[in-house]
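Undergrad: So the chains spell out like this:
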Amino acid sequence: MKIVVPIKRVVDYNVKVRPLGDQSDVDLNNVKMAMNPFCEIAIEEAVRLKEAGTATEVIAVTVGKSDSQEQLRTALALGADRAILIETNSLLEPLAIAKALTKVIEAESPQLVILGKQAIDGDNNQTGQMLAALLNYGQATFASKISIDGDSASVTREIDGGLQTIKVKLPAIITTDLRLNEPRYASLPNIMKAKKKELDVQPIDSMGIDTAPRMELLSVELPAARQEGIKVESVEELVGKLKNEAKVIS
Amino acid sequence: MSTLVIAEHDNTNLKPATLNTVAAANAIGGAIHILVAGNSCQSVADEAAAVDGVEKVILADDSAYENHLAESIANLIKSISTDYSHILAPATTFGKNVLPRLSALLDVQQISEITEVVSEDTFKRPIYAGSCIATVKSSDATKVITVRATAFDPVNASGGSASIESISADGVSDLSSFLNEEIAQSDRPELTAAGIVISGGRGMQSGDNFHLLETIADKLGAAVGASRAAVDAGFVPNDYQVGQTGKIVAPDLYIAVGISGAIQHLAGMKDSKVIVAINKDEDAPIFQVADYGLVADLFNALPELADQL
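Top to bottom, those sequences are chains A and B. The first sequence: position 22 = 22 (my numbering), numbered continuously. Take the position in the second sequence, starting the count at 1, then add 250; the result is the number in my numbering.
Don't read these hints as lab results, they were simulated from the structure. You may find that some hints are simply not true.
Have a look at the derived ranges for each label pair, beta carbon to beta carbon [unchecked claim]:
(1) Glu554/B x Glu70/A: 49 to 55 Å
(2) Pro223/A x Ala277/B: 17 to 23 Å
(3) Val15/A x Asp502/B: 31 to 37 Å
(4) Asn29/A x Glu554/B: 43 to 49 Å
(5) Ser293/B x Lys193/A: 58 to 64 Å
(6) Thr262/B x Lys197/A: 42 to 48 Å
Straight-line Cα separation of at most 16 Å, EDC-like style, residue types lysine to aspartate or glutamate; simulated pairs [stated by the list, open to error]:
(7) Lys243/A x Asp502/B
(8) Lys374/B x Glu221/A
(9) Lys196/A x Glu70/A
Glycine included, each C-beta is placed from N, C-alpha and C at the ideal position.
Build out the structure end to end from the sequences listed, making use of the hints.
TA: See the structure below:
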């Protein structure tokens with residue numbers, strides 16, 4: 001079984017992102033970049049399925065600028081067998097990214113596509129579901145447990161009130177939630193080996209898809225700041241303030 | 251111009267997030283219809299028909315919709331989508347699962363988790379865990395939108411008298427099927443609907459220690475939440491998680507206990523009306539958003555707080 005894992009290069013989760021001075025966009029000058037955390041979970045799950053003998057090949061894919069090769073190398077160091085970069089200099093919206101990924105998946109015909117439920121830059125939570133629609137595949141989003149049984153997968157999903165388990169026919173799209181697994185760190189020998197693995201670069205222009213933006217970013221601003229609070233000295237003072245000043249408890 | 255709101259429900263009751271979503275539809279303007287797709291869910295349609303400001307309820311009552319699986323529901327919405335300029339759902343795990351699928355079927359770029367309606371095509375939404383607010387303008391003919399419930403005051407659940415129109419199932423898919431569900435049973439209010447939330451972080455040290463929070467929650471009629479760190483550490487299940495990748499809450503009172511205040515957690519609670527932080531580290535970033543901060547060891551402060559309530 002072949003597994004394709006689409007990943008994304010994003011601002012490292014420790015960076016506090018701010019608007020540019022003219023509020024035209026976010027300021028990404030000289031910030032640390034990394035693989036999106038949910039994508040690390042997706043790679044880990046695919047690699048574990050390979051280690052368990054369920055999968056035979058894991059292919060990491062991304063859509064982005066040339067520097068996204070860095071995150072693809074990380075994926076290779078974590079255990080992916082080969083990687084594909086769909087190269088573009090434009091910042092694409094999830095729908096356009098899903099369209100580009102559709103082309104790769106049609107060419108590779110994997111049995112399973114695993115991707116992160118959400119990228120922590122745009123916080124859109126869309127690409128996996130869109131990809132499933134475009135391919136007419138079943139979808140199992142927000143997965144906390146995956147088991148493959150022949151031509152279907154049983155997936156436990158994190159839903160608002162608890163957990164839901166569904167069966168989805170293969171090939172299928174699965175998006176990862178937090179508790180699916182704990183990703184490993186790449187070891188130095190594996191980082192060295194990853195440099196020799198195949199990384200294929202394909203220009204997006206060769207794919208014949210419409211990637212024109214549908215949304216215009218008008219401005220980016222800081223959220224309204226909260227008024228500065230006070231420190232209380234004791235639990236008694238706290239309870240007094242909540243009762244008499246904030247009036248939120250009685 | 252007219253808006254279709256996708257109802258969130260459990261086949262028996264309409265979920266409150268639907269009322270916040272109707273409020274966002276009101277801000278857009280135009281007629282509002284609600285789609286209730288489920289199984290044996292006439293009671294939900296009746297509830298939806300009573301919601302203030304709703305003109306029509308469309309009821310698709312079929313066993314295919316019992317478990318709200320994305321494939322069939324997205325196909326159903328697509329089949330009636332041509333009548334609408336806007337299609338809205340709450341940004342819950344249900345809405346987040348179904349709407350992007352619909353959006354791709356319609357060849358539309360979805361606008362996720364809006365927090366403000368600027369005009370019929372322009373919306374505000376948080377990005378980078380709420381560090382920034384983006385204003386975006388959509389050029390798509392149909393606007394497909396998920397709504398952050400906490401950003402819109404709910405409309406009245408009564409006062410409306412919409413007509414109910416039944417439609418047949420359309421585009422039922424067998425790509426996925428339901429196996430089972432474990433819904434946490436609790437006498438406490440739901441996290442996203444509670445007036446008071448008390449959450450624990452890594453400082454709680456173990457899942458067992460969450461009983462300290464539960465005692466207080468029961469006295470206050472509060473829901474219990476957690477930071478991602480506490481979920482990662484295995485103290486509590488993921489459905490407790492408040493933050494960028496968990497639930498977004500905005501109660502009247504939010505009490506953060508042993509939570510340092512990473513940006514990812516603040517993203518889920520900083521719109522709460524009153525925030526209390528209890529942490530032994532006086533430099534913890536949570537104090538920067540707290541209205542009342544108490545620098546104390548939670549293992550002393552919590553029992554004391556329980557006694558005084």
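Undergrad: Do the beta carbons of Asn29/A and Glu554/B sit within 43 to 49 Å of each other?
TA: 48 Å, holds
Undergrad: Does the hinted range 49 to 55 Å hold for Glu554/B and Glu70/A at CB?
TA: 51 Å, holds
Undergrad: For the range 58 to 64 Å, tell me whether the beta carbons of Ser293/B and Lys193/A fit it or not.
TA: 60 Å, holds
Undergrad: Can the restraint linking Lys196/A and Glu70/A be considered satisfied, given a maximum Cα separation of 16 Å?
TA: Roughly 13 Å between the alpha carbons, so the hint for Lys196/A and Glu70/A holds.
Undergrad: Regarding the pair Lys374/B and Glu221/A, is the alpha-carbon distance no greater than 16 Å?
TA: 10 Å, holds
Undergrad: Has the hinted range 42 to 48 Å been met by the Cβ atoms of Thr262/B and Lys197/A?
TA: With a Cβ separation near 53 Å, Thr262/B and Lys197/A fall outside 42 to 48 Å, so the hint is violated.
Undergrad: Take the C-beta atom of Pro223/A and the C-beta atom of Ala277/B, compute their distance, and say whether it sits inside 17 to 23 Å.
TA: At roughly 19 Å between Cβ atoms, Ala277/B and Pro223/A fall inside 17 to 23 Å, so the hint holds.
Undergrad: That 31 to 37 Å hint for Val15/A and Asp502/B (C-beta), does it hold up?
TA: Given range 31 to 37 Å: holds, Cβ gap about 32 Å.
Undergrad: Lys243/A and Asp502/B were given as a pair; does the straight-line alpha-carbon distance stay at or below 16 Å?
TA: Given pair Lys243/A, Asp502/B holds - Cα atoms ~13 Å apart, limit 16 Å.
In summary, the one numbered hint that this structure violates is 6.
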